[in-house]
Amino acid sequence: MNRQDYLKAIDSVIAQGPFQDNWHSLSRFQVPDWYKEAKFGIFIHWGVYSVPAFSSEWYSRNMYIQDSKEFKHHVETYGNHADFGYKDFIPMFKAERFNADEWADLFKRSGARYVMPVAEHHDGFQMYKSGVSRFNAYEMGPERDLLGELKAAFEQRELTFTVSSHRAEHWFFMSHGKKFASDVHEPLACGDFYWPAMPEPADHFDLHDAAPNEEYLDDWLIRCCELIDNYEPKILYFDWWIQHEAFKPYLKKLAAYYYNKTAQLGYQGIINYKHDAFALGSAVPDVERGQFAELKPYYWQTDTAVARNSWSYTPDNHYKTPRELIQGLVDIVSKNGNLLLNIGPKADGTIPDEDRDILLAIGQWLEVNGEAIYGTTYWRTYGEGPTKVAEGQFTDGKSTAFTPQDIRFTLKGDALYATVLVYPEDGVVTIQSLKEKSHHFQGLIKDIAVLGFEERPVWERTEEALIVKTSFVQSELPVVLKFSID
Numbered sequence: 001m002n003r004q005d006y007l008k009a010i011d012s013v014i015a016q017g018p019f020q021d022n023w024h025s026l027s028r029f030q031v032p033d034w035y036k037e038a039k040f041g042i043f044i045h046w047g048v049y050s051v052p053a054f055s056s057e058w059y060s061r062n063m064y065i066q067d068s069k070e071f072k073h074h075v076e077t078y079g080n081h082a083d084f085g086y087k088d089f090i091p092m093f094k095a096e097r098f099n100a101d102e103w104a105d106l107f108k109r110s111g112a113r114y115v116m117p118v119a120e121h122h123d124g125f126q127m128y129k130s131g132v133s134r135f136n137a138y139e140m141g142p143e144r145d146l147l148g149e150l151k152a153a154f155e156q157r158e159l160t161f162t163v164s165s166h167r168a169e170h171w172f173f174m175s176h177g178k179k180f181a182s183d184v185h186e187p188l189a190c191g192d193f194y195w196p197a198m199p200e201p202a203d204h205f206d207l208h209d210a211a212p213n214e215e216y217l218d219d220w221l222i223r224c225c226e227l228i229d230n231y232e233p234k235i236l237y238f239d240w241w242i243q244h245e246a247f248k249p250y251l252k253k254l255a256a257y258y259y260n261k262t263a264q265l266g267y268q269g270i271i272n273y274k275h276d277a278f279a280l281g282s283a284v285p286d287v288e289r290g291q292f293a294e295l296k297p298y299y300w301q302t303d304t305a306v307a308r309n310s311w312s313y314t315p316d317n318h319y320k321t322p323r324e325l326i327q328g329l330v331d332i333v334s335k336n337g338n339l340l341l342n343i344g345p346k347a348d349g350t351i352p353d354e355d356r357d358i359l360l361a362i363g364q365w366l367e368v369n370g371e372a373i374y375g376t377t378y379w380r381t382y383g384e385g386p387t388k389v390a391e392g393q394f395t396d397g398k399s400t401a402f403t404p405q406d407i408r409f410t411l412k413g414d415a416l417y418a419t420v421l422v423y424p425e426d427g428v429v430t431i432q433s434l435k436e437k438s439h440h441f442q443g444l445i446k447d448i449a450v451l452g453f454e455e456r457p458v459w460e461r462t463e464e465a466l467i468v469k470t471s472f473v474q475s476e477l478p479v480v481l482k483f484s485i486d
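Position 12 (the sequence shown) corresponds to 12 in the numbering used here; numbering is contiguous.
Calculated directly from the structure, the hints in this document are not laboratory data.
Even for Gly, the Cβ is constructed at its ideal location relative to N, Cα and C.
Worth double-checking, as some hints may not be accurate.
[Stated by the list, open to error] Just the calculated beta-carbon pair ranges, DEER-fashion:
no.	residue 1	residue 2	range
1	139	99	17 to 23 Å
2	139	11	39 to 45 Å
3	31	8	28 to 34 Å
4	27	444	51 to 57 Å
5	2	452	36 to 42 Å
6	472	443	24 to 30 Å
7	12	475	35 to 41 Å
8	394	245	21 to 27 Å
9	8	157	15 to 21 Å
10	388	245	49 to 55 Å
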């Protein structure tokens with residue numbers, strides 16, 4: 001199907017409803033139950049940038065910035081940019097050891113309920129079979145439909161298949177290569193790898209600067225709809241810059257098309273977005289490398305990575321600890337959110353040991369404590385304790401120093417879960433939110449159990465607090481107290 005026919009087909013799907021391409025119609029979106037029950041997903045940054053594996057997944061941009069460490073590394077390692085550019089990494093991206101079933105088995109053991117491979121990053125290389133451009137993994141590099149293989153493996157294991165698109169930023173991502181002798185000066189027609197390589201905005205959050213043109217926006221829309229049509233993802237995630245004013249009419253079209261197509265298939269698709277790209281209530285907001293400090297009345301998601309410095313694999317990744325990530329998961333879930341946790345496989349398709357070990361540690365904790373996470377909802381207060389969680393994006397540079405007084409609540413039926421983020425050495429847990437005559441809860445506490453431990457705690461409820469005492473409970477990871485309430 002040519003571009004004009006595809007655009008007409010998109011309009012036809014929108015016209016048939018039930019969703020139309022306006023915010024009023026799109027505000028009828030409802031977050032499906034499976035997503036609110038899942039709580040934990042895996043993000044995967046894997047692509048051509050995994051070949052140089054230097055600094056981060058932004059290598060394709062930064063290698064063309066002449067005063068950058070990536071530029072210097074590239075010249076010293078691969079030669080000048082006119083002779084060896086970013087496109088020359090494509091034949092080196094072979095994924096020769098990639099096994100979708102092995103990945104799926106690991107993600108299942110991690111306790112994740114949905115998985116999100118990056119379908120196309122800012123570099124413009126599609127990780128799937130595409131009719132839009134020949135620069136894709138099926139025709140080049142591995143010569144395999146990597147996304148299709150992952151979808152099949154995930155769905156065999158009841159892992160929900162989702163995808164992300166970071167295509168929007170490609171409008172300017174390769175532009176620095178035009179400032180000196182490099183391969184980015186090659187013909188730049190629609191569908192070419194480096195197209196369009198337009199000047200980068202001075203401020204990435206300027207909603208008026210460096211507006212993409214109609215040809216590029218049409219191409220963006222078609223690429224998104226091709227993913228929907230051919231792979232039927234249950235979630236479609238978008239990175240930043242789609243909040244640019246030029247994208248607004250296209251976002252409405254995309255959402256109406258996606259929601260209508262998934263309705264035809266018998267399910268409600270989900271869009272994850274950042275900043276103010278979508279009207280609140282028309283999709284699920286996402287906070288990059290950060291979270292909210294308080295409980296939110298709307299459902300939301302955090303996306304972050306096992307490494308602090310990069311989303312993709314590099315030999316120098318600075319990893320977080322399982323303890324920190326589990327604490328983050330508990331905190332996010334208590335505030336009505338999901339955690340999407342990223343790993344970065346190597347170019348050959350293997351998952352680094354550090355990433356694997358972190359996922360397995362999280363899975364082991366969830367195997368014992370998952371009932372306090374999956375299928376739960378928020379309580380009357382998300383938690384208590386002296387530690388304030390930094391709010392907003394890019395706040396995960398340092399781990400939060402939680403204390404034994406920091407407790408998070410979740411609820412499922414007549415079970416109230418209080419997760420102690422740092423279990424006290426003396427085994428005494430004080431919960432002020434459950435004191436007698438608490439304005440949060442004045443009902444009956446019938447029983448208290450400690451998930452993963454046989455010991456039955458001793459407890460008393462006073463006007464100051466509920467005090468729970470254990471003698472043998474010890475853990476470096478958060479400990480869950482389960483209250484049977486009435």
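So, going through the hints one by one against the coordinates:
no.	hint	verdict
1	139 - 99: 17 to 23 Å	21 Å, holds
2	139 - 11: 39 to 45 Å	29 Å, violated
3	31 - 8: 28 to 34 Å	31 Å, holds
4	27 - 444: 51 to 57 Å	40 Å, violated
5	2 - 452: 36 to 42 Å	59 Å, violated
6	472 - 443: 24 to 30 Å	29 Å, holds
7	12 - 475: 35 to 41 Å	57 Å, violated
8	394 - 245: 21 to 27 Å	23 Å, holds
9	8 - 157: 15 to 21 Å	38 Å, violated
10	388 - 245: 49 to 55 Å	34 Å, violated
Checked against the numbered hints given earlier, this structure breaks hints 2, 4, 5, 7, 9 and 10; the rest are met.
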